[in-house]
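Undergrad: Sequence:
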Amino acid sequence: MNTEHQAWTQLRERAASLISPGFPDRVMRAIRARSSPLLVANFAMCAATAALCLVAVAIYRARLSTDENDQNLAGWSEISAQADEFGQGL
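Using the working numbering, you'd call the opening residue of the sequence shown number 64 and step up by one each time.
Watch out, some of these pointers could steer you wrong.
As the list claims (entries may be wrong) - If you anchor each label on the Cβ, the simulated ranges turn out as follows: (1) D147 / A107: 56 to 62 Å; (2) Q69 / A119: 49 to 55 Å; (3) R77 / A107: 28 to 34 Å; (4) Q134 / A96: 56 to 62 Å; (5) A78 / I122: 50 to 56 Å; (6) Q69 / C109: 57 to 63 Å.
Just so you know, the hints here were simulated from the structure itself, not pulled from any lab data.
Model, not experiment: these values are computed from the prediction.
Think of the CB as a built atom: it goes at the ideal place given N, C-alpha and C, for glycine as much as any other residue.
Produce the entire structure from the sequences given, and follow the hints as far as they go.
TA: Put into structure tokens, the structure is as follows:
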């Protein structure tokens with residue numbers, strides 16, 4: 064057995080000797096008793112966060128699309144004006 068493995072084994076044995084009998088069972092019972100409300104609350108928080116992120120992305124994309132359309136329209140208007148000016152000059 065290597066030194067690192069021996070050190071971990073000794074650490075686990077020392078920790079096990081410090082835990083009172085029945086402690087793991089009490090901890091598991093306490094977690095199970097409280098887990099369902101916490102699970103629902105965590106799920107609700109995750110769902111709300113995801114919904115807010117989706118709304119933010121939708122607003123950003125709509126604004127970006129509007130700005131891009133405005134820029135394209137301005138560019139095409141300028142090109143059209145130059146084409147009309149060029150056509151009148153001929």
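Undergrad: To test your reading of the hints: which numbers does this structure violate?
TA: Numbers 3 and 6, in rising order.
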